[in-house]
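Colleague: Could you build the full structure based on these sequences and the hints that come with them?
Going left to right, the sequence shown walks through residues 1 to 422 as the numbering used here numbers them.
Errors might be hidden in some of the hints.
To be verified - Pairs of lysine to any residue residues, derived as SDA-like cross-links and limited to a Cα-Cα distance of at most 20 Å, are as follows: (1) K394 to D365; (2) K394 to S352; (3) K65 to E19; (4) K338 to K371.
As the list claims (entries may be wrong) - Each pair of labels, with its calculated beta carbon distance range: (5) D71 to D27: 17 to 23 Å; (6) L207 to S173: 36 to 42 Å; (7) E93 to E202: 49 to 55 Å; (8) F400 to N342: 23 to 29 Å.
Keep in mind that the hints were calculated from the coordinates and are not lab data. Ideal placement from N, C-alpha and C gives every residue a C-beta, glycine not left out.
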Amino acid sequence: MGENICFIIGNGFNHLIKEICNTSLKDCEKKIINDLTGNLGQNEEIDKIFKSKNAELKLVLEYVKIKKFLDELITLCGRPDELFKEFKDSLEEHGIKISDEKIFPILDACCKIKSTSTVSEIYEYFKSIGYKKEESFKIIYCLLKSELGELDAEILEILSELLSTGSESIATSSGTEFLNMEKKGEYNKFYNFFNKNGSFGESLRSLIPENSNLHIYTTNYDGLLNYLFMDGKNYILKDGFSDKYTYLNGKYEKYYSEKQPDLLYYYGASIMDNLCIPLHGTHKFVLKDEKTYKIGKYNIPEDTSELKPVMIFGNPNKKLELIKNDFVLKNYFEIFEKSLKNCSKLVIFGNSLESDPHIVKAILDNFDEKKDLIIVDYNESCCNSVKNRLEQNKPYNIKFEETKDVKTKEDLLNLFEELIIN
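Modeller: Encoded structure:
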């Protein structure tokens, strides 16, 4: 068995892909403008010039659409649900900016507070979930009746409702939008654009050393990595689902993949395969009859509104519990831990780990600190925030790779070559 090279990829990777698309757009625009400016100096008719440049103009339009798609994708990956907007705006007015996932521990603490709780008691709740004194009192200020000094019962009721429905609401609405994007062909357009001058997936596969395997674990829900890591119609990385279909409710449901007991053959083939595993689920995983199924790429149902996506979103401290309650995700996480134990190196790419204490713990418990740990992010400051989160516990052999100068697909492939081979 060869070595496994383990990657943990987050939403920062999607931002990098977006920047690569932006570079292509700017280069194409610049070329057209330069050509048009030069031709105008020769007194040619403007309409003839535009006709001669019609193909390039269409290309610019295509790039603009791809950029819009990626903007929507990135927004959906970390979207604020409308339910939380008023509360978040209130906190921001008092100098506290909170990520969508960090709001859940606050709501969780709020729901444990009674309307008669004292400010001191409330403060202790926020202190227990990691907020400093000044931050805690700012949050309390947003939640208290200033003239009475006690928690508004109406606010408590709203927060309680948000906590119970908010996470599911975000997952359902985001999952549906991802599926609708895929159904409209947006993902295919992105694939065609990114592979215009050669298959990215094929080039990546050629970088994997013989007798070695690439294990990519992602906290993203959008499935963009699957399209990047394709060679023609074939995925170069596996997620454990077979290409077969199953019967559900007495009829042949083509858009569901094989039942999850087939998942990675219970590790038998997993460690010997190239993998792309969504640790927190994806819009393609849906819950039906209390089991998790995968929707096939070409068989997305017409009506996606009733589907219940399997996407773990919410209180960071409860993610592992939710993962363990799903057969597929539980197996995925066990494979992830196994991979951390056996890999030759670990690469954390565009993932702050800020909202993922279960992943941090898995690294601390399973990854050998003597092996190389590479943090890949936009700049040194971003890399350091991840380093500090890990080095509080172990003296890892950490290296940095910055992505601020990665502007093209070729740059990205060179970066992967550096990460995989060196």
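Colleague: Each hint needs a verdict: does it hold in this structure or not?
Modeller: Against the structure, the hints:
| no. | hint | verdict |
| --- | --- | --- |
| 1 | K394 to D365 | holds, 10 Å |
| 2 | K394 to S352 | holds, 17 Å |
| 3 | K65 to E19 | holds, 14 Å |
| 4 | K338 to K371 | holds, 15 Å |
| 5 | D71 to D27: 17 to 23 Å | holds, 19 Å |
| 6 | L207 to S173: 36 to 42 Å | holds, 37 Å |
| 7 | E93 to E202: 49 to 55 Å | holds, 51 Å |
| 8 | F400 to N342: 23 to 29 Å | holds, 24 Å |
Every hint from the earlier list agrees with this structure, and none is contradicted.
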